[in-house]
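With the hints in hand, could you dock these two chains into one complex?
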Amino acid sequence: QKEVEQNSGPLSVPEGAIASLNCTYSDRGSQSFFWYRQYSGKSPELIMSIYSNGDKEDGRFTAQLNKASQYVSLLIRDSQPSDSATYLCAVATSGGSYIPTFGRGTSLIVHP
Amino acid sequence: DAGVTQSPTHLIKTRGQQVTLRCSPKSGHDTVSWYQQALGQGPQFIFQYYEEEERQRGNFPDRFSGHQFPNYSSELNVNALLLGDSALYLCASSAKLRNGGDTQYFGPGTRLTVL
Numbered sequence: 001q002k003e004v005e006q007n008s009g010p011l012s013v014p015e016g017a018i019a020s021l022n023c024t025y026s027d028r029g030s031q032s033f034f035w036y037r038q039y040s041g042k043s044p045e046l047i048m049s050i051y052s053n054g055d056k057e058d059g060r061f062t063a064q065l066n067k068a069s070q071y072v073s074l075l076i077r078d079s080q081p082s083d084s085a086t087y088l089c090a091v092a093t094s095g096g097s098y099i100p101t102f103g104r105g106t107s108l109i110v111h112p
Numbered sequence: 001d002a003g004v005t006q007s008p009t010h011l012i013k014t015r016g017q018q019v020t021l022r023c024s025p026k027s028g029h030d031t032v033s034w035y036q037q038a039l040g041q042g043p044q045f046i047f048q049y050y051e052e053e054e055r056q057r058g059n060f061p062d063r064f065s066g067h068q069f070p071n072y073s074s075e076l077n078v079n080a081l082l083l084g085d086s087a088l089y090l091c092a093s094s095a096k097l098r099n100g101g102d103t104q105y106f107g108p109g110t111r112l113t114v115l
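Residue numbers (this note's numbering), protein chains in the order written: chain A, 1 to 112; chain B, 1 to 115.
Isolated chain B, as found in the complex (with noise of 0.2 Å):
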C-alpha cells in the first residue's frame, strides 16, 4: 500500500520565480491538504482540495494556489517566490473516520529554498 508521494524532495529557487510541487494520496484517499511548516514551527494549514475543488484555505496569500486532479493527486503552485517561502511543503492525505473527522497522514515533503 503506497503512501503519500511528493516531488521533487529537494528544490531551490531564487525569488520572484514560479514553483509547482506535486503530491500523490494514499491509496483509497481523495482528499489532500497542503501546509507550510517553517523551522522551529509547527505546519500551518495552506489550503484543502476535495473532488477537485478547493474546499478550505488558510491564511495564505492569492500567490499560494492549487490544483486537484481526477485521480486525486494534487499540485501546490507559489507565484513570485519570496524569501519568506523558504520551509518544508507538506502534503497531507485523508481517510474519513467514523466520527466524522479525518486522520491526516503527510508525505515526505518537499523543502523549498528561496535564494
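Pulled out of the complex, with its shape left as it was, chain A reads as follows (with noise of 0.2 Å):
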C-alpha cells in the first residue's frame, strides 16, 4: 500500500514569511513528485514537479526532495493571503501507466 502522508493543518503563516508544507511517502521505487494547490472548491492546479534530488525553485516556490528519507517539501517564500489554499502532494513511479498516489492535503491560511 502506496502511502503519503501530509500534516492536515492548517498552518497559519503571516504575509510575507515562508511557509513550509512537508510531505513523506511509502514507495522508495517513487521517481516523480509533485505540488497541486487546490483552492475550497476548485481542482488541484499543478504548482510544482521534481524528480532529481536536491532543490528546485520557480519563483517564489521551491520545491525539495530528499529520496533517501523518502521526504518532499514545499516552500512558499514571501506568503501572501491569495497562498491561501490546500496543498497536495502526489507520488508517483514513472513508467507504463503512471498513477500518483495523493496525500490528504495540508491547509495553509495566511494572514495579513
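Any given hint could turn out to be false.
Cβ-to-Cβ under 7 Å is the rule here; a few derived chain B residues that face chain A [unchecked claim]:
| id | residue |
| --- | --- |
| 1 | Gln41 |
| 2 | Gly42 |
| 3 | Pro43 |
| 4 | Phe45 |
| 5 | Gln56 |
| 6 | Leu90 |
| 7 | Phe106 |
| 8 | Pro108 |
| 9 | Gly109 |
The set of hints was computed from the structure by calculation and includes no laboratory data. Every value quoted in this text rests on a predicted model; they were computed, and no experiment measured them. Each residue gets a CB set at the ideal place from its N, CA and C atoms; glycine is no exception.
Here it is, written out as C-alpha cells:
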C-alpha cells in the first residue's frame, strides 16, 4: 500500500513569511513528485514537479526532495493571502501506467 | 490551448440512480484518469483510460465504469448511487514525459451530491 502523508494543518503564517509544507512517502520506488494547489471548491492546480534530489525553484516556490529520507517539501517565500489554499503532495513511480498517489493535503492560511 | 473540460459542473441525484460524467482532455493528451475526492481528503484514483481501454483501476467497485472515445474524451458512469458517492469527481489528462512519467492536469471537476 503506497502511502503519502501530510499534516492536515491548518498551517498559519503571516503575510510575507516563508511557508513550509512537508510530505513523506512510503514507496522507495517513487520517482516523480508533484505539488498541487487546491482552492476551496476548485480542482487541483499543478504548481511544481521535481524528479531529482535537491532543490527546484520556480518564482516564489521551491520544492525540495530527499529520496533517502523519503521526504519532499514545498517552500513558499513572501507568502500572500492569495496563497491560502490546500496543498496536495502527489507521488508516482514513473513508467508504464503512471498513477500518482495523493496525500490528503495541508491547509495553508496566510493572514495579513 | 483548451485545458481539460468536464461536464456537468454540479449534479444532484438520489440513491439508486445512475449518473454519467464527461471529460475532454487537454489538447495533445491521450490518457485520461478519473479521481474521486471526498471532503477533506486527497483525490482517490478510480481508473485510467488509454487507447480506449481501461489501463489500470483503483480500489472502486464495479458500479464505477468508464469509457474512452476515439477522440480521447471519456465518460465515468456510476450505477446504483449511494450516499457515500457524494464527492468531487475529477478528470485528469496527461502527457508523457521524457523520463517515462506523466504530468496530470485536472479539469474543474463535477460536484456530485447524492440524496
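*asked:* Can you verify the interface hint for Phe45(B): is its Cβ closer than 7 Å to any Cβ in chain A?
replied: Because about 5 Å separates Phe45(B) from the closest Cβ in chain A, which is inside the 7 Å limit, the hint holds.
*Report holds or violated for the interface hint on Gln41(B), using the least CB-CB distance to chain A and a cut-off of 7 Å.*
5 Å, holds
*Can we keep the Pro108(B) interface hint, with Cβ of chain A closer than 7 Å?*
Check passed: Cβ of Pro108(B) comes within 5 Å of chain A, closer than 7 Å.
*Taking the least C-beta to C-beta distance, is Gln56(B) closer than 7 Å to chain A?*
Holds - the Cβ of Gln56(B) comes within 7 Å of chain A, reaching about 4 Å at its closest.
*Given hint Pro43(B) near chain A, where the shortest CB pair must fall under 7 Å*: With Cβ-Cβ at 5 Å, under 7 Å, it holds.
*Is the interface hint for Gly42(B) satisfied, with its Cβ closer than 7 Å to some Cβ of chain A?*
3 Å, holds
*asked:* Restraint: Gly109(B) near chain A, CB-CB cut 7 Å. Satisfied or not?
replied: 4 Å, holds
*Any CB of chain A closer than 7 Å to the CB of Phe106(B)?*
Since chain A brings a Cβ to about 4 Å from Phe106(B), closer than 7 Å, the hint holds.
_Per-residue hint verdict: Leu90(B), partner chain A, C-beta under 7 Å_ = With a minimum Cβ separation of about 6 Å from chain A (threshold 7 Å), the hint on Leu90(B) holds.
Going down the numbered hints, you'll see the structure goes against none, and every one checks out.
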